[in-house]
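Undergrad: If you read the protein sequences in the order shown, they are chains F and X. Numbering-wise, my numbering puts 27 at position 37 of the first sequence, and it's gapless, one number per residue. Just so we're on the same page, my numbering is the position in the second sequence counted from 1, plus 2.
These are computed hints drawn from the structure, not numbers from a lab. Cβ coordinates follow ideal geometry from the N, Cα and C atoms, glycine included. Take these hints with a grain of salt, some might be off.
To be verified - Cross-link-like lysine-lysine pairs, in silico, DSS-like; alpha carbons within 25 Å at most: (1) K53(X) with K126(F); (2) K72(X) with K53(X); (3) K40(F) with K84(F); (4) K163(X) with K350(F); (5) K53(X) with K88(X); (6) K41(X) with K126(F); (7) K202(F) with K230(F); (8) K88(X) with K72(X); (9) K163(X) with K88(X).
To be verified - Far from chain X by the CB rule (all over 10 Å, computed), these chain F residues: (10) D106; (11) G113; (12) D131; (13) L144; (14) A208; (15) L214; (16) L215; (17) A240; (18) A246; (19) S262; (20) D306; (21) K350; (22) R388.
What the hints assert, rightly or not - Incomplete in silico selection of chain F near chain X, CB under 10 Å: (23) R(-2); (24) Q112; (25) S116; (26) P118; (27) F129; (28) E216; (29) T269; (30) S307; (31) A310; (32) G312; (33) A387; (34) V391.
The chain contents come next:
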Amino acid sequence: MTSREKVRRALNHEAGPVPVDFGSTGLTGLHVSCVAALRDHYGLPPHPEKVWEPFQMLGEVEDDLAAALGSDCVGAMGRGTMFGFANEGWREWKTPWGQVVLVPADFRTREAENGDVFIFPQGDTSVPASGHMPAKGYFFDAVVRQEPIDEDNLNPADNCEEFTVMTAEEITHWRETFARMQGENRAIVSGIGGTGFGDIALVPAAFLKHPKGIRDIAEWYMVLLEDPDYVHQIFDYQSKVALQNLETFAAIAGDAIDVITICGTDFGTQTSQFCSVQTFNDLYAPYYRRINDWIHEHTTWRTFKHSCGAVRPLIDSFLAAGFDILNPVQCSATGMDPNELKAEFGDRVVFWGGGVDTQKTLPFGSPAAVRTEVLERLKAFSPGGGFVFNTIHNTQARTPVENIVAMVDTVREFNHAGA
Amino acid sequence: MPQLADLTAAVAAGNRKDTARLTQELLDAGVEPQVIVEKGLVPGMSIIGEKFAANEIFVPEMLIAARSMKGALALLEPLLADAGVKPEHTVVIGTVQGDLHDIGKNLIAMMWKGAGFEVIDLGTNVPAEKFLAAAQEHNASVVGLSSLLTTTMPAMREVVKVLREAGLTKTKIVVGGAPITPTFATEIGADGYAADAGSAVAVARELMGITA
């Protein structure tokens, strides 16, 4: 059985070996420091790792490492990055923690006296920085650049600058990407951006030089309640552009891909939700429905929804909005017990994640504790398919490599025992 | 004459304009600023905290209510300062070094302010020494430490160590943030753990010995 067949069985809720994803998306990846540690552990040729996702500083999982980890999925990545520059023209850069990595040519930074690192949108150092990595940090956070808000004269178009039709360069990128991936026997996961509504990570628009509209995080949360019409107008415009781009993308990708990531909007906190079920259904669901319905009508792709946190009260609404896959299945959040989730939703949703806690067990536990938890999760989520193993969100910096290896070995042994 | 209960309801509803208007009307009617805070605003934020803890409202509603309260305090604080009225308890809060996340920290700060404490907000990416200096300068009853990242949890341990070594006997330390657990709080020697903004006030009050 090929990796792709394993994933497809799981997506079809058929019993079989548990497929694994390490690194196919910016939500299921590994910090570049972990990638280096894993390459070293498995004795793979050393070289500076590519930071393919510069915001979270995720490292590329190359084919040799993917094979060592047993990953069944591969990403067809877009051309652009969170900071608005293209992933091209690779050059070396030394990180604040002393690792030499490869970054794109336009990954332009400035170091402050205290060691903080600032990065610039579209590589333009003449405008204010849009990302900030503290001296003792391991990834960037967006710098909020909020112009004064005139509440009586809000213009939804100001919050739509980032939603644009695919450029000729992007179309060429996708053509080349899928030509290169022909014959790939792993499941291909892709995404075109612009299909997630109200993703708080994207609201500050670290990719724009001079973002307008509402870009402050607290202001955004407040406008959701205070001026839903403003938000509806943004989402309406965004969804129309997204549908146009999906049509272009589908003509290129065809059935080459298995899964498309739609949305990274977090609706959950550690103990609660960011909005009521009613607000989700009224404000977000109609636009997700547009996107997911189009995909299901025109392609064979499965739609992937990421939301951290305690989202159990919202899962029925996610499904009604047309999502097929839920990630990262944060079992450490309130109400997210793996056995209960499987019993309640297991026949209707594919759990992509939930494999091990990245807040506690993986970074701070022992390899034995990792093994125990991974085995518990495999037993909970794998019966009858509908499960792709992944850590709960990206594997974070400072995670001991022996813990990651314990996780990988446990999944492999579980599948071997079940074969 | 406007009633304090009307102000409480306006704050709890997050009605910024009504909150400011009622505050001004109460002042104009001769109600003491301190009474407006204690009997009007604090109960309003208390309702918000309870509803948040019960999952009846969410982060946006809290932010809107806190903004209303802030508008009222902008009118009241200069008057309180002129009258020499100072809150009994001062709390210091910040996100630990290496961590730039502040939504959770800001919500706790708002709830503490809404409970009538003087809040010294040090912002994000705060080194241990800065927490110590602020705690000493303000004779803080509570220092609140926030962290969203697993990679910055060790910085929290460092702050606790620095505060303990300085021998601040009066100051209690409360920790919180998505990856933080009561076990971790105990392990690093903190005095309290706040699971969310809804419970942070109760935790602080208990540590301060406030029973009412």
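Undergrad: Now, for every hint given, state plainly whether the structure supports it.
TA: Quick rundown of the hints versus the structure:
1. K53(X) with K126(F): At roughly 37 Å apart (the allowed maximum being 25 Å), K126(F) and K53(X) break the hint.
2. K72(X) with K53(X): Roughly 19 Å separates the two Cα atoms, so the pair holds.
3. K40(F) with K84(F): holds (12 Å)
4. K163(X) with K350(F): holds (21 Å)
5. K53(X) with K88(X): The given pair, whose Cα atoms are some 28 Å apart, is violated under the 25 Å limit.
6. K41(X) with K126(F): violated (44 Å)
7. K202(F) with K230(F): Holds, because 20 Å separates the two Cα atoms, which is no more than 25 Å.
8. K88(X) with K72(X): holds (17 Å)
9. K163(X) with K88(X): Cα-Cα ~30 Å, so violated.
10. D106: About 8 Å separates D106(F) from the closest Cβ of chain X, which leaves it inside 10 Å; violated.
11. G113: At about 22 Å from chain X, G113(F) clears the 10 Å cut-off, so the statement holds.
12. D131: About 4 Å separates D131(F) from the closest Cβ of chain X, which leaves it inside 10 Å; violated.
13. L144: holds (16 Å)
14. A208: violated (5 Å)
15. L214: violated (5 Å)
16. L215: The claim breaks: L215(F) does not keep its Cβ more than 10 Å from every Cβ of chain X (closest is about 5 Å).
17. A240: At about 35 Å from chain X, A240(F) clears the 10 Å cut-off, so the statement holds.
18. A246: holds (36 Å)
19. S262: violated (5 Å)
20. D306: holds (16 Å)
21. K350: It is violated; K350(F) is separated from chain X by about 7 Å at its closest Cβ, not greater than 10 Å.
22. R388: At about 5 Å from chain X, R388(F) fails to clear the 10 Å cut-off, so the statement is violated.
23. R(-2): violated (34 Å)
24. Q112: violated (22 Å)
25. S116: Hint violated; S116(F) Cβ to chain X Cβ min 23 Å, cut 10 Å.
26. P118: This interface hint is violated because 16 Å lies over the 10 Å limit.
27. F129: With a closest approach of 8 Å, the F129(F) hint holds.
28. E216: holds (7 Å)
29. T269: holds (8 Å)
30. S307: violated (15 Å)
31. A310: Where the cut-off is 10 Å and the nearest Cβ of chain X is about 20 Å from A310(F), the hint is violated.
32. G312: Interface hint status for G312(F): violated (24 Å vs cutoff 10 Å).
33. A387: holds (5 Å)
34. V391: V391(F) check fails; min Cβ-Cβ to chain X is 15 Å, beyond 10 Å.
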